[in-house]
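Trainee: In case you want the letters, here they are:
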Amino acid sequence: MPLVDLKRVRYQYEDSSSYALDEIDLTIEPGEYVLLAGASGSGKSTLCRLFNGLIPHFHGGRLNGRVIVDGLDTQTHRVVDLFAHVGMVFQNPAAQLFNSTVEREIAFGLESLGLAPDEIARRIRWALETTGLAALYDRPPNTLSGGEQQTVALAAILALRPRLLVLDEPFTNLDPQAIERIRAILQTVHGTGTTVLVAEHRLHASLQDATRLVILHNGRIVSDGPPREVLQEDLSPFRLNTPFVVRLAKKAGVYPVPLSVDEAIAAGLGTDGMLGSPVAVLPTATSSGSPAVVELRDLTFVRDGRPVLQNINLAVHAGECVAFVGKNGSGKTTLLKHLNGLYRPTSGMVTVLGKDTRRERVGDLAKRVGLVFQNPNDQLFKANVRDEIEAGPRALRALDRPWIDHLISEFGLAHLLDRSPFNLSEGEKKRVAFSAALATHPSIFVLDEPTTGQDGSFRQALSRLLSNLRKQGFTVILATHDLEFAECVAPRWIALSAGQIVAHGSPDEVMRNTSAVERAALRPTARFLLRQSTRSHPAPLTTSLSAKRSQVQ
Amino acid sequence: MNVPLDPRTKLALAVAFTAALVSTSNLGMLITATAIVCLLVIVLGHVRRWLSALRTLVPMTLFVFVVMSFTFDLPSALGAALRLAAVATAFFLFFQSTAPEDLADALQKMGAPYVFAFILTTAMQFVPVLTRQMQDIMDAQRARGIRLEYDLASLPNYPALFAPLLIQSFTLADHLAEAMEARGFGAPHRTFQKEYALRLQDYATIVLALAFVIISWQIK
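Those protein sequence lines, which keep their order, are chains A and B.
For the first sequence, our numbering begins at 374 and goes up steadily by one.
For the second sequence, our numbering begins at 22 and goes up steadily by one.
Check each hint, because a few of them may be wrong.
What follows is a list of derived Cβ distance ranges for each label pair [what the hints assert, rightly or not]: (1) B:Arg76 <-> A:Arg670: 29 to 37 Å; (2) B:Leu173 <-> A:Gly434: 54 to 62 Å; (3) B:Arg76 <-> A:Ser390: 54 to 62 Å; (4) A:Asn757 <-> B:Gly66: 51 to 59 Å.
From the structure, some residues in chain A lie toward chain B, with a derived Cβ separation under 10 Å [to be verified]: (5) Ser390; (6) Gly460; (7) Ala489.
Stretch-level coverage of chain B by chain A, calculated; a stretch enters the list once three of its residues show a Cβ under 8 Å from a Cβ in chain A [unchecked claim]: (8) 113 to 122; (9) 216 to 230.
Hints are computed from structural coordinates only; laboratory data are not their basis.
Here a beta-carbon is modelled for each residue, glycine too, at the ideal position from N, C-alpha and C.
Throw the hints in and build the complete structure from the sequences for me.
Mentor: Encoded structure:
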């Protein structure tokens with residue numbers, strides 16, 4: 374008997390006139406590992422919420438068709454009857470933990486099950502061991518890192534021993550190190566017989582483990598099968614974020630497509646010079662060329678008696694694009710906040726366009742530095758998109774209409790101007806936030822984790838946009854743990870670890886520095902690894918030139 | 022240090038202590054009570070946290086003292102200030118030595134509805150989360166030139182802080198509710214990880230607390 378059996382499922386949210394899910398037929402057998410892929414708004418999260426009855430019991434709306442999970446019809450069984458059969462882990466780690474310690478967090482679901490105290494204790498011990506959280510058992514979850522929090526959320530679900538484990542974009546807010554940790558736990562539980570379903574638009578993390586790839590587009594299943602077979606098809610209309618090696622293989626016509634770098638090397642990929650140059654070729658400023666627009670001299674920042682940044686020395690020149698890379702908590706965001714005076718150095722100095730940030734007001738620096746943070750919802754507050762974009766310049770009494778109209782067309786927001794920013798998709802919100810940061814006409818654009826939670830089409834649009842801005846003379850500084858993206862936009866990388874610079878140079882130089890790679894927990898990109906593997910056979914000059922033109926973005 | 026008492030006993034102790042102090046105005050008694058709780062702070066190892074709690078407690082106590090000494094006399098002002106300091110410290114000790122879930126369980130054992138007890142204690146977990154959220158929003162708005170300082174000139178800009186904060190709080194509440202449902206919130210036969218039973222030391226403590234209340238009544 375299949376574990377999941379969906380027949381002709383259609384679903385409409387309460388206040389919506391269109392179908393979030395349309396004619397879904399899906400059966401999942403015990404022991405499968407399903408990767409459910411689809412761009413933002415494709416219906417992944419909605420589908421996930423069918424399995425444990427959150428739809429229709431929590432969200433309401435109109436559900437047609439039949440949903441049977443572990444033999445239970447979700448129309449007649451409530452979430453409280455289903456939660457032990459279908460465990461669900463959500464995207465935002467902080468918004469799913471509500472107890473005072475890790476141990477209590479794991480206990481909560483077990484108490485709901487009505488288990489006896491000694492069985493609860495036994496299961497807590499098992500969950501802590503399986504997830505490697507034993508040392509953190511008495512810590513309050515809100516003091517843990519995002520990766521640790523997501524692991525706690527997973528442990529709290531695993532302790533329930535569900536037959537089906539559903540994870541809705543579990544990797545979105547995590548750095549590569551944390552992703553690997555969760556991935557390993559999933560491999561273990563799948564290995565012991567649990568059926569796993571991971572919904573993601575970024576395929577990298579689970580592709581090699583999944584036994585089946587299901588692609589969702591506009592609420593319909595458009596492809597379903599073993600990952601290698603599905604990837605062979607033309608998936609370009611579905612705006613997925615496929616791994617570099619897959620794109621490379623398809624471009625080169627190599628089938629079956631490789632799922633990992635090792636497979637790509639074995640298939641002989643990357644030897645014909647088609648790797649190209651990752652960074653859009655632009656006249657890059659060097660230290661001798663244009664003047665420094667940002668200078669950090671011996672920057673040290675101490676918070677709560679703990680040094681968050683230590684002795685940072687760096688100069689960024691006009692027209693450059695520089696990326697800070699490193700894991701979450703390495704000090705990247707703290708460093709960015711020094712560039713517009715939100716933070717002031719404890720010792721040392723930060724100068725922006727010749728001005729010492731200690732003597733400048735944040736508002737004045739905002740005219741020179743446009744800084745945009747990871748979560749666009751932190752700033753949206755106006756009734757429509759145009760007002761939202763103009764809020765900054767109005768507050769500074771420096772409204773420049775032609776410039777704002779230019780931004781609106783650059784970011785493709787013209788058709789959204791009268792809409793409420795709260796009702797936009799996450800990608801659209803992000804574009805509004807970018808325009809708002811640039812609306813004060815700064816010359817330095819600073820971005821914190823710009824690609825988090827964004828699908829493939831957004832990443833391509835953003836990398837085009839950043840190269841346009843650089844052509845217009847902007848200096849771009851970003852912080853990210855998304856090295857594939859950093860490699861595409863930034864010719865210069867600075868690797869941070871524990872608040873210190875551990876490597877500095879071109880992407881290749883940084884990734885070749887093995888001690889820095891280890892300290893900053895970097896995961897070298899597929900393109901770099903392929904190039905390394907073929908270094909003994911350098912590509913002829915002529916082919917690498919033509920490859921540049923057809924380079925895989 | 023952990024106090025090996027049932028959360029209900031601890032709650033009874035804090036309430037009895039308050040009742041005793043409210044019913045007496047004997048300065049010797051108040052000084053003794055204050056000395057006892059201060060000693061407990063040291064014995065139980067909460068000195069550092071208590072010192073930081075004093076930053077709010079001391080100004081409040083001084084305020085009460087000043088107001089009372091103008092409206093009444095010096096002894097009643099001193100009494101009121103001591104009473105406030107002692108009761109606040111007693112409840113500080115209670116919250117330091119009782120996990121929120123234990124408090125919820127205790128309230129429920131005493132007949133409070135589960136949902137009420139749960140909401141009361143869960144809300145406390147989200148104070149640091151929302152504080153961080155507020156800081157992020159202020160940073161994001163200030164970064165684009167919207168002035169948000171703690172001054173009058175910033176006042177008209179405060180919707181830029183409160184609107185995102187409110188909307189994100191609603192989203193957070195919604196996500197939280199989903200996560201709680203997914204872990205069986207409201208299940209009909211909930212058990213408890215810890216079993217609570219009043220033991221000998223609990224009964225002894227409650228008897229002592231009652232004796233303390235009666236003594237303080239006697240010597241007013």
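Trainee: Hints first: check each against the structure and report whether it holds.
Mentor: Right, here's what the structure says about each hint:
| no. | hint | result |
| --- | --- | --- |
| 1 | B:Arg76 <-> A:Arg670: 29 to 37 Å | holds, 36 Å |
| 2 | B:Leu173 <-> A:Gly434: 54 to 62 Å | violated, 47 Å |
| 3 | B:Arg76 <-> A:Ser390: 54 to 62 Å | holds, 55 Å |
| 4 | A:Asn757 <-> B:Gly66: 51 to 59 Å | holds, 55 Å |
| 5 | Ser390 | violated, 22 Å |
| 6 | Gly460 | holds, 8 Å |
| 7 | Ala489 | holds, 7 Å |
| 8 | 113 to 122 | holds (count 3) |
| 9 | 216 to 230 | violated (count 1) |
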